[in-house]
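Novice: Please build the complete structure, drawing on both the sequences and the hints.
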Amino acid sequence: MRTCPACPAPSGCARPPSPPTRLEPAVTDVAEPKIKTYTPLYDEYNYTIDDVEGELPEDLRGTLYRNGPGKMEAGGTPLGHLFDGDGMLSMFTMADGKTHFRNRFIQTKHYQKSIVSDAAPFRALGTMRAGGVLANALRFPANVANTAVVMHAGKLLALWEGGRPTELDPDTLRTKGEHDFDGELKWLGAFSAHPKWDWDTGELFNFGMAMAPVPRLICYRVDRAGKMRRLAHVNLPGPMFNHDVGLTKKHMVFVVPPLVFPLPKFFGAAFGLRNYMDALEYDASRGTMIALVPRDGGKPRILHTDPQLHLHMCNAYEDGDDTVVELLNYHATWEQLNGQLSAIDSLADTGTMPYGGIPTRMRIGRGGRISVEEFSGLNGEFPAINVKRMATRNRYTYLSAGLDGSVVPNALAKIDADTGKETLLRMPDGHLPHEAVFAARPDAQSEDDGWLLMPVLDAVNNIANLTIVDARDIEAGPVYTGRLSHHLPLTFHGCYTPRVARPPR
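Residue numbers (the numbering used here): 438 to 942.
One should not assume that every hint holds.
Said to hold, decoys possible - Heads up, simulated DSS-like pairs for lysine-lysine below, C-alpha to C-alpha not over 25 Å straight-line: (1) Lys664 / Lys702; (2) Lys623 / Lys613; (3) Lys664 / Lys592; (4) Lys736 / Lys686; (5) Lys736 / Lys664; (6) Lys664 / Lys687; (7) Lys546 / Lys623; (8) Lys535 / Lys471; (9) Lys623 / Lys736; (10) Lys550 / Lys613; (11) Lys825 / Lys592; (12) Lys686 / Lys702; (13) Lys702 / Lys687; (14) Lys546 / Lys592; (15) Lys687 / Lys736; (16) Lys858 / Lys825; (17) Lys613 / Lys546; (18) Lys664 / Lys825; (19) Lys858 / Lys687; (20) Lys686 / Lys825; (21) Lys664 / Lys613.
Simulated from the structure, these hints should not be mistaken for lab results.
Specialist: Here it is, written out as structure tokens:
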């Protein structure tokens with residue numbers, strides 16, 4: 438286990454101050470405790486959680502998987518952007534009143550070389566390799582498999598923005614290797630981190646970004662058996678960045694923000710003069726491009742509206758002849774948002790914008806008229822819904838929220854689309870909730886009949902727990918808290934499956 442250089446305690450310790458050598462007036466100005474959000478977790482654990490409060494619901498049987506950057510360094514070189522950290526999967530297996538925890542790093546080429554190298558072995562999206570232009574020019578960013586995790590057609594896949602999925606054993610988290618859907622993912626094989634499901638058909642829909650030779654979004658449809666076929670593609674006006682996609686019963690829905698790579702900056706990044714994330718610009722003059730891609734084939738319909746800056750969508754659905762998309766709109770500049778993604782350990786001290794975006798509903802009329810309205814005043818991120826409602830109108834949206842202008846998440850929020858009611862569960866001071874994942878009861882009778890599963894990081898004492906909340910009444914607080922024996926860096930995205938993993942003991 439890594440240790441603090443000042444004492445034999447695990448890294449992340451809070452060393453007490455030395456006693457004063459002479460009598461002095463009492464100090465009343467005490468510095469705020471340091472918030473630790475992405476302290477590396479180098480160790481891999483495998484144990485049953487025995488420090489619990491409350492009871493694990495009897496009919497909650499399944500597995501929660503989480504993915505995120507487990508360490509923000511490579512070969513001893515600090516990584517400068519959250520998109521660059523090596524992916525680490527964590528797994529909470531819940532059955533028979535007990536929760537079993539396991540975490541393992543995803544054995545990508547980047548990870549394997551990073552632990553034996555004296556410097557960063559590959560180029561990253563937001564971090565340059567040492568060695569200047571020659572070490573970075575014409576090198577693609579390494580696939581670190583750190584953004585999301587999905588279970589589909591019996592395969593557990595770790596996803597990253599710019600490359601192929603990485604397949605893992607769902608019981609042991611052993612890395613099996615990159616997955617290309619029997620060769621359907623060509624060349625770089627980009628397969629985005631935000632696929633969407635149609636619960637009725639069992640199909641998964643996703644896209645990949647291609648920057649060359651023609652900038653475009655390539656659309657994919659994967660059937661319930663895991664067979665992929667390519668749908669249409671959406672040509673972009675130039676190299677751009679798009680993170681998410683919506684799904685309705687008729688369309689894949691893209692709301693592409695005007696995040697562009699100006700050609701001088703794009704070629705500068707390609708030839709090693711700057712990192713890729715700093716080459717992006719938010720060009721509001723372009724507005725936002727909307728693309729409706731027919732799920733069953735056909736030419737995309739392209740529309741334009743006022744500029745929106747967002748990363749994540751909540752849901753999309755048809756309402757009569759209208760297409761409705763709900764997303765989290767940042768009222769900020771790209772420099773502010775990218776600054777949050779680059780701050781890592783100093784975010785709580787240096788953040789210049791509130792955490793998250795504002796829940797916003799975009800309605801696209803049959804005739805092309807587009808209206809935009811906010812449906813909540815909360816700031817939040819990592820939206821979650823009952824996956825059975827995906828591609829249809831949902832009543833409830835759950836957010837990791839930032840209250841009172843906080844630059845880090847400090848609450849769980851539930852928004853009722855029918856009544857407009859906002860229900861909040863505020864975390865204790867210094868406790869940061871990860872994304873909440875909805876797990877339906879086996880005999881659920883209503884949309885919110887289930888639980889919200891979320892790791893929570895005590896970012897002052899650098900220790901974590903699994904918190905389970907009844908989704909029908911989040912104000913009542915946790916029904917179960919399982920405390921880990923260590924911390925867990927903030928993760929990005931997770932998934933729940935009723936399949937009970939059987940990790941070896």
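Novice: Look at each hint and say if it fits the structure.
Specialist: Evaluated hints:
1. Of the supplied pair hints, the one linking Lys664 and Lys702 is violated, its CA atoms being roughly 38 Å apart against a limit of 25 Å.
2. Of the pairs offered as hints, the one joining Lys623 and Lys613 holds, with about 19 Å between alpha carbons and a cut-off of 25 Å not exceeded.
3. About 12 Å separates the Cα atoms of Lys664 and Lys592, which keeps this hinted pair within 25 Å; it holds.
4. Simply put, Lys736 and Lys686 have alpha-carbon atoms about 16 Å apart, close enough for the 25 Å limit, and the pair holds.
5. At roughly 22 Å between alpha-carbon atoms, Lys736 and Lys664 fall within 25 Å of each other, so this suggested pair holds.
6. Proximity of Lys664 to Lys687 is assessed by CA-CA distance (about 20 Å); at most 25 Å being required, the pair is judged to hold.
7. Straight-line distance between C-alpha atoms of Lys546 and Lys623 comes to about 19 Å, which keeps the hinted pair within the 25 Å bound.
8. A C-alpha spacing of about 33 Å is found between Lys535 and Lys471, which places the hinted pair above 25 Å, so the restraint is violated.
9. Only pairs whose Cα atoms come within 25 Å are accepted, and Lys623 paired with Lys736 is accepted, the gap being roughly 22 Å.
10. Of the pairs offered as hints, the one joining Lys550 and Lys613 holds, with about 17 Å between alpha carbons and a cut-off of 25 Å not exceeded.
11. As the CA atoms of Lys825 and Lys592 are separated by approximately 20 Å, the hinted pair is consistent with the 25 Å bound.
12. Proposed proximity of Lys686 and Lys702 is contradicted: the alpha carbons are some 39 Å apart, above 25 Å.
13. Proposed proximity of Lys702 and Lys687 is contradicted: the alpha carbons are some 37 Å apart, above 25 Å.
14. As the CA atoms of Lys546 and Lys592 are separated by approximately 21 Å, the hinted pair is consistent with the 25 Å bound.
15. With a CA separation close to 13 Å, the supplied pair Lys687 and Lys736 stays within the 25 Å bound.
16. At most 25 Å may separate the alpha-carbon atoms for a hinted pair to count; Lys858 and Lys825 meet this at roughly 22 Å.
17. Among the hinted pairs, Lys613 with Lys546 is consistent with the structure: their alpha-carbon atoms are about 12 Å apart, no more than 25 Å.
18. For the hint linking Lys664 to Lys825, the alpha-carbon distance of about 21 Å falls within 25 Å, and the restraint holds.
19. At most 25 Å may separate the alpha-carbon atoms for a hinted pair to count; Lys858 and Lys687 exceed this at roughly 30 Å.
20. Of the supplied pair hints, the one linking Lys686 and Lys825 holds, its CA atoms being roughly 13 Å apart against a limit of 25 Å.
21. Proposed proximity of Lys664 and Lys613 is supported: the alpha carbons are some 19 Å apart, at most 25 Å.
Hint violations for this structure: numbers 1, 8, 12, 13 and 19, all remaining hints satisfied.
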